[in-house]
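Engineer: Based on these hints, arrange chain R on the given structure of chain U.
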Amino acid sequence: MADPEIKSYEPHHESQSAAVTESLPVRLLLMAVAFAFLVIFVLLPLIIVFHEALAKGLGAYTESLSNPDTRSAIRLTLLVAAIAVPLNVVFGISAAWAIAKFEFKGKAFLTTLIDLPFSVSPVISGLVYVLLFGAQGLLGEWLKAHGIQILFAVPGIVLATVFVTFPFVARELIPLMQEQGNGDEEAALSLGANGWQTFWYVTLPNVKWGLLYGVLLCNARSMGEFGAVSVVSGHIRGLTNTMPLHVEILYNEYNAVGAFAVASLLAGLALVTLVLKTLLEMRYGAEIAATRGH
Amino acid sequence: MEVRVANVRKEFERFPALHDVSLDIKSGELIALLGPSGSGKTTLLRLIAGLERPTRGKIFFGDDDASQKSIQERNVGFVFQHYALFRHMTVADNIGFGLKVRHGPSRPPAAEIRRRASELLDLVQLSGLEKRYPAQLSGGQRQRVALARAMAIEPKVLLLDEPFGALDAQVRRELRRWLREIHDRTGHTTVFVTHDQEEALELADRVVVMSQGRIEQVGSADEIYDTPNSPFVYSFIGESSTLPVKVEDGQVWIADRPIGLSAPHAPSGDAVLYFRPHDVELLDGCSGCIAGTVAASRRVAGTRRVELEIGGERQRVEIELPVDHPAAQKSRVAFRPRRWKLFPAA
Numbered sequence: 002m003a004d005p006e007i008k009s010y011e012p013h014h015e016s017q018s019a020a021v022t023e024s025l026p027v028r029l030l031l032m033a034v035a036f037a038f039l040v041i042f043v044l045l046p047l048i049i050v051f052h053e054a055l056a057k058g059l060g061a062y063t064e065s066l067s068n069p070d071t072r073s074a075i076r077l078t079l080l081v082a083a084i085a086v087p088l089n090v091v092f093g094i095s096a097a098w099a100i101a102k103f104e105f106k107g108k109a110f111l112t113t114l115i116d117l118p119f120s121v122s123p124v125i126s127g128l129v130y131v132l133l134f135g136a137q138g139l140l141g142e143w144l145k146a147h148g149i150q151i152l153f154a155v156p157g158i159v160l161a162t163v164f165v166t167f168p169f170v171a172r173e174l175i176p177l178m179q180e181q182g183n184g185d186e187e188a189a190l191s192l193g194a195n196g197w198q199t200f201w202y203v204t205l206p207n208v209k210w211g212l213l214y215g216v217l218l219c220n221a222r223s224m225g226e227f228g229a230v231s232v233v234s235g236h237i238r239g240l241t242n243t244m245p246l247h248v249e250i251l252y253n254e255y256n257a258v259g260a261f262a263v264a265s266l267l268a269g270l271a272l273v274t275l276v277l278k279t280l281l282e283m284r285y286g287a288e289i290a291a292t293r294g295h
Numbered sequence: 097m098e099v100r101v102a103n104v105r106k107e108f109e110r111f112p113a114l115h116d117v118s119l120d121i122k123s124g125e126l127i128a129l130l131g132p133s134g135s136g137k138t139t140l141l142r143l144i145a146g147l148e149r150p151t152r153g154k155i156f157f158g159d160d161d162a163s164q165k166s167i168q169e170r171n172v173g174f175v176f177q178h179y180a181l182f183r184h185m186t187v188a189d190n191i192g193f194g195l196k197v198r199h200g201p202s203r204p205p206a207a208e209i210r211r212r213a214s215e216l217l218d219l220v221q222l223s224g225l226e227k228r229y230p231a232q233l234s235g236g237q238r239q240r241v242a243l244a245r246a247m248a249i250e251p252k253v254l255l256l257d258e259p260f261g262a263l264d265a266q267v268r269r270e271l272r273r274w275l276r277e278i279h280d281r282t283g284h285t286t287v288f289v290t291h292d293q294e295e296a297l298e299l300a301d302r303v304v305v306m307s308q309g310r311i312e313q314v315g316s317a318d319e320i321y322d323t324p325n326s327p328f329v330y331s332f333i334g335e336s337s338t339l340p341v342k343v344e345d346g347q348v349w350i351a352d353r354p355i356g357l358s359a360p361h362a363p364s365g366d367a368v369l370y371f372r373p374h375d376v377e378l379l380d381g382c383s384g385c386i387a388g389t390v391a392a393s394r395r396v397a398g399t400r401r402v403e404l405e406i407g408g409e410r411q412r413v414e415i416e417l418p419v420d421h422p423a424a425q426k427s428r429v430a431f432r433p434r435r436w437k438l439f440p441a442a
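Order-wise, the sequence lines are chains U and R.
The numbering used here applies: residue 2 is where the first sequence begins, and numbers increase by one.
The numbering used here applies: residue 97 is where the second sequence begins, and numbers increase by one.
Some clues are possibly wrong.
Below are the DMTMM-like pairs computed for lysine to aspartate or glutamate, each with C-alpha atoms no more than 20 Å apart in a straight line [said to hold, decoys possible]: (1) R:122 / R:301; (2) R:122 / R:405; (3) R:342 / R:405; (4) R:437 / R:375; (5) R:165 / R:189; (6) U:106 / R:280; (7) R:122 / R:161; (8) R:342 / R:366; (9) U:102 / R:148; (10) R:437 / R:414; (11) R:227 / R:189; (12) R:196 / U:187; (13) R:154 / R:169; (14) U:102 / U:116; (15) R:437 / R:318; (16) R:165 / R:107; (17) R:196 / R:226; (18) R:196 / R:208; (19) U:102 / R:109; (20) R:437 / R:345; (21) R:165 / U:187; (22) U:108 / R:226; (23) U:106 / R:414; (24) R:437 / R:377; (25) R:122 / R:160; (26) U:209 / R:189; (27) R:252 / U:53.
If you are wondering where the hints come from, they were derived from the structure by calculation, not from laboratory data.
Just so it is clear, the structure is predicted and the values come from calculations on it, not from any experiment.
Next up, chain U with everything else stripped away, as it sits in the complex (with noise of 0.2 Å):
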């Protein structure tokens, strides 16, 4: 509400509220347009996706998903998923941990890479990948030498998939955790604990919620990443073809069933992704409302 400073200098504005000053219809149509727009390129393309998915019926619909290079293609995903999401809570707890509470050189350069993924296009982050470990790349031939293949293989998906999912987690603690501040640890110590119990106990449970919500946004994007993968998985179908790349294989062979089909269930991921989060902001919103939004 207008201060009464500001109230006295304009006596008009007294008996109506100064934030909305819009007539109806200007509201209606403001309205209108923020809904028009969400259901032309938001709740239309997905309803498309299910539509086409199921177009030839279920039966179709289930017989392309039990697709031998389908099921690889998901088993993948899942893989990838399970060895990146564990690694980036690791990462973002230990940096979240190291900024938020204690002062050392070059912290402000750690916050800045750790934003790096975010400013980056996710393809040059899968050709950084081509340059350290391809075979003409920096590393390429001591791998080669000793057996290890890291490009067009599952190690190289993980690594591509932990490059551009790392910030979640980490953007996610960083600024609940420098809000919280140092002083629940330094009780917990003062009790006697030691730094493990410190952490389990009192520093953990503070930010869970948070975590939760990072891991949440981690999983989706590291399931769905496609950009980065894409130049470093060497697209060989029903060994390193993850669902979003399996979908564009379909998709180009005019396989719009199968294609649609996969992709449903990447969608399936993104719905279930969003109404958990939506459960988390509402009832953990103030613990998470310290968090910058993506």
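Structural biologist: Using the frame of chain U, we list chain R on its own:
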């Protein structure tokens, strides 16, 4: 447990927060670290706790050198300014935390921890609130839980950082009396930090006045108030009035008149006279006194404060008069401080 702080210096990134501080705390004593913000009082408390390490100097607990011991090894009870209660734990779990994290045989069984927690809740007069969460407590209740939690580990020393800082005036006074009672009953050596002189003087056995990283004076409330040993303590504790004076032949002079105060041991030259505005003797005639014209007068509760202009330099000084004293209306007032002190002019 006695605590001895020996020549401790603490720097934060080369900026000194404490210069060569020494302090002996007797066993069972309740001691206040009093000073304005930035005086180093909280730093000293955190050094005793082990939350900070001294840059130089040592801290002894009894005969043990504790300087290099971690906070866990020192076994101190620390009550934080904002309590730092664990928000996801109940009151009982908060209090039992220090016992729960112990290892091996020193860790009591769960039932014993619960029993200890209830006992301590009784002591801090919060029985029945075991199952509450910190968010469901008032500020004063949180403060009591924080104290109970610190006492649960049977600390050698109890350290409190601005224990009443976040509470309103009413609760403050109540808790002050209550803390004194708890201290008298349990006998813990207790150190608390405060910027509130009333709190320090009322509560503590001895008060340590600090300023700019140094200890200015250590003493009982009476000693600190009645015989401040530096201009800082004089002006920081209670109210003080000052006048620039001159010392000659063991007499105190203002301009060209002696004011009837003899200072046989003071060196000759410029000095500053300090006294309490209420600790003055009003005089009728003036042969050897301070005389001034009333420049302003205001009523303060049961007394009247007048501001006097002294001498040709119109130096202003404040004194206190009884409300019905005729001098309050007179334009000219003569007085002499009863208790006073001279400090060299800065």
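Engineer: Look at each hint and say if it fits the structure.
Structural biologist: Here's how the hints hold up against the structure:
no. : hint          : in the structure
1   : R:122 / R:301 : holds, 10 Å
2   : R:122 / R:405 : violated, 47 Å
3   : R:342 / R:405 : holds, 18 Å
4   : R:437 / R:375 : holds, 12 Å
5   : R:165 / R:189 : violated, 27 Å
6   : U:106 / R:280 : violated, 48 Å
7   : R:122 / R:161 : holds, 16 Å
8   : R:342 / R:366 : holds, 5 Å
9   : U:102 / R:148 : holds, 15 Å
10  : R:437 / R:414 : holds, 16 Å
11  : R:227 / R:189 : holds, 9 Å
12  : R:196 / U:187 : holds, 16 Å
13  : R:154 / R:169 : holds, 16 Å
14  : U:102 / U:116 : holds, 19 Å
15  : R:437 / R:318 : holds, 16 Å
16  : R:165 / R:107 : holds, 19 Å
17  : R:196 / R:226 : holds, 16 Å
18  : R:196 / R:208 : holds, 10 Å
19  : U:102 / R:109 : holds, 17 Å
20  : R:437 / R:345 : holds, 17 Å
21  : R:165 / U:187 : holds, 15 Å
22  : U:108 / R:226 : violated, 42 Å
23  : U:106 / R:414 : violated, 53 Å
24  : R:437 / R:377 : holds, 15 Å
25  : R:122 / R:160 : holds, 15 Å
26  : U:209 / R:189 : holds, 18 Å
27  : R:252 / U:53  : violated, 73 Å
Hint check: violations occur at hints 2, 5, 6, 22, 23 and 27; the rest are consistent with the structure.
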